[in-house]
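Could you put the whole structure together from the sequences, leaning on the hints where they help?
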Amino acid sequence: MTRIAFGRRTALLSGVAAFAAPAVLRAQSDPIKIATLTPLTGAGGPYGPVMAKVAASVVEDVNAAGGVLGRKVQLISEDDQTNPDAGVRAARKLIDVDKVAAIMGTWASSVTTAVAPLCWESKTFLCTVSGADSITQLPHQGFLVRTQPNSTLQVARSGEFMLSLGARKIYTMIPQTPFTQTTFDLMGKLVSKAGGTHQGLVYDDKKTTYRTEVDQVLRSNPDMIFAAGYTTDTVVLLKDIYRAGYKGKIIGFGYSINQKLVDQIGQPEIVEGVYTYSPSPDEGSGAYDRVKKVTGLANPDPYTCQVYDHANLVLMAIAEAKAATGSAIKDNIRKVSQGGGKTVDNAVDGLKAIAAGQKVDYSGASGPCDFDDKGDIVDCKFRYEQIKGGKFTLVKIA
Amino acid sequence: MILLQALVNGMVSGTLLAVPAIGFTAMFAVLRFPNFSVSGIATLGAFAGYLAYSAGLQLAGALAAAFVVAGVVGLFLDRVAHLPLVKQGALPAAIASIASGLVLENVIRFGFGNDLRGFDRPIARDMHLGDIRVSPQQLETMGIALALMLAVFAALAFTRIGKAMRASADNPELAALKGIRPQRVAMIASFVGMGLVGIGGMLLGLDSSIDPLTGTRILLSIFAAAVLGGLGSPTGAVLGAWLIGIAEELSVLVVGSPYRTAVGFFAILIVLTLRPRGLLGERAY
Amino acid sequence: MLNYLLFIATMGGLYGLLALSLNLIWGGAGMVNLGLAGFFAVGAYASAIFTTAGHAPIVAGWALAVIAGGFAGLVVTLSTTRLREDYLAIVTLGFAEVVRLVAANEIWLTRGTDGISGIPGPWKSALGPDFNAVYLLIVLAVLGAVFVLVRRIDRSPYGRVLRAIREDAQVAQVAGKPVLRFKAEAFALSAAIAGLAGALYAHFTSYIAPDLFLPLITIYIFLAVAGGGTGRPAGALVGAYLLMLLLESARFFVELVPAISAVQRAALKELLIAVVLILVLRLAPGGVMPERIPTAPRPSTQGKP
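Chains as they are written, first to last, in my numbering: chain A, 8 to 405; chain B, 9 to 293; chain C, -8 to 296.
The hints are simulated quantities; they were obtained by calculation from the structure and are not laboratory data. Possibly wrong hints are sitting among the right ones.
To be verified - Derived lysine-lysine pairs resembling DSSO-like cross-links, with alpha carbons at most 27 Å apart:
#, chain 1, residue 1, chain 2, residue 2
1, A, K381, C, K115
2, A, K130, C, K115
3, A, K349, A, K381
4, A, K200, A, K130
5, A, K329, A, K40
6, A, K60, A, K40
7, A, K106, C, K115
8, A, K329, A, K342
In structure tokens form, the structure reads like this:
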């Protein structure tokens, strides 16, 4: 009993000490605090760690070049556990204890929707990569932007691309997500307008085999399968599609069918000819190359590129506003993301230009990053790639 | 025809599920609590096998590594964290085992991160037997699973230690009177049971991929298979695993894949209503 | 900082309600409910749908949550009457899974994985930044009322019958107690409390989604009750707040560890929480506030031959 009481007291003390620290040290030379809230455990676990890493690299570069407004930048990385409850608790801590100006990189739509009200109520800026249409329709008063094209845009573009490849019998295989219904509705309309047929099947993303699902799909003899899941389930799905002897075309999201998936499957013929697409900057973008270098990946996934852009945009907006608050970022982010001026692809260059009184227009690793009033990106190019011999080869950027 | 194919698919995945389900149910028979740390142990076995395989060991060597590592760690956790709680009842021990599962999951995450890993094994197109298609690798993993199951049943039936285990599962007091040391039997049950769970995790990883959540994804199915078969009955666990496997595949055709776990639970509810001890449970604890 | 503490206190109160709910049947009647998250979800969804799509007042939503939770509890116990009592655990586990699947897939009713956002909070716009403090008071008031209720039950003859059932259902049956009715009532009441907690949660955070109701929350509550002390309402409450303290302080603790990556920090945090919980179970059997079995009232001699 006594030992327990002791354990409790130390836990309490360490908690209290941590609570008290920021209050004591609030001076002018305090670091500017921003945060990532990405899934480090739970179902989103394969995505979150590299997102946190790339944001840290941006902060490192900026600090090495002298920081922002003469202050160092401090990045705090919390885990949303791919769970809205844990996400809300982490966000509360970031907002109220760390007093961060911005939270970046929320991934699951449910986490973003749960965290968003805390952000706009506390005037903290939120940058997200969640794709559900409903997110930018929240009453966020401008405190939210997302770099992921909404699902309507993504699906419309992919549908057009599939049709352009000559597909007429398309089957979508997708787990239950906020964009499942949108995908079915939109694909159905698009494909039937072009005189084709579209069918959809919802699967359970925790299953360890999809043989029966694949059988079900192949019965109707599709010439294109849209594998619209995430990496973990798509690995299993692609193997089972291959085993079933399917000879038609396959397409999937770039965040799901990526270099890690190819390495994991390990056998090039299974993924040979598979198409992927992701939101993309113009060819030869310096930002994209830098993300490749930082992550060591030949084909960094779109979420990673987007968080890279979040960190750059937030820091430049702070410099532009000369204030490190959520409201300042809200009022200034569009001044550095769009509207002409000197084109920059990283915050270090951007901060120099801003300090010199120049207007900047950021174009990042995930695209031009221009936002409309609701916080959606205005327009976005997509990079279509095809896997050949285990390597991603560019088909087109359009 | 697709129905028959779904049955075959269900048999294949059920056989893979049977290995950890036997381990789970055997531990329950002797130790008298549902050990939910199988989620973490299955992942651990998969990673141990993966490391051994990447280090150049053959499949058999990798399976042995999965068995031994899972068995040793499982035994350790039982000794340190779970069994001291059993005297307060099965539930505190079960709760502690859930926490141990979380510990293992995060130890693995700490060491390996969340990235997916896969055994570098060739994947071939399916063979066709009439209208039914089967995958050569899946036949191979199924063969391994069946061989293991046979070995376990032979050991239970014919070896001294197997008989001792059955005796002390049936009636611990009587077994103790006959000179069977319950402590030793319990340790062997922990080691072998968890070893089987570890192999189960690796067999699963051979076919799909592994990450810190590999075992967590199959925990409910293992538990369901063991309960359906009658907790404590290894034969029942096999039968339960097949039934769960088949029910899950058939559910894809009937109600759609997202409701497969629900189908599994309704199967349990029906079976337990008709046969309160599970399919083959001699006694229900 | 204040907002954070208010928030944590409110969440602790909601976990406390769930812990009271679990304690009532586990500590009280020895029934195991592995589907606590399911009843929590039923209450949350009932109130959220009723107040958003149905435009009902919040209090009506809460009332409906209590009724829906209790009704779901009745259905679950009654569907298990033919089963051995031990199997209640797996049926409740299955129930929670089914609830979550329905919430994720029946988009027409629950808006699917999108979740329901914009759930109204009481006087939220009028209160502004004071909302958190007022809501904490509401939660504490509800928590206090439920606490008094379950403690009365605990100490009443009714509670003694439940405990008798926990110790030996057959003896209780022989003693002429309608065991099934007692168990069904207790379970329904417990489920109703969990439903109420769900509704309070929904109107606090203004958003619910199927991901919220993963089994993890059930595990947490079991740990809270086991750590705090089974069989005693005060133990359940203390356990819930200790759990919340552990969950949150682990966050600050791992920040002190230098030179590890973000994912390692997250893993370390989860690891730490699980290890502390095992330690509590091992070192404080019966929880930090173990059950006190009141001495049986002495049989009075009068009136007996």
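Comparing the hints with the structure gives:
no., hint, result
1, K381(A) x K115(C), "holds (24 Å)"
2, K130(A) x K115(C), "holds (17 Å)"
3, K349(A) x K381(A), "holds (25 Å)"
4, K200(A) x K130(A), "violated (45 Å)"
5, K329(A) x K40(A), "holds (14 Å)"
6, K60(A) x K40(A), "holds (16 Å)"
7, K106(A) x K115(C), "holds (23 Å)"
8, K329(A) x K342(A), "holds (13 Å)"
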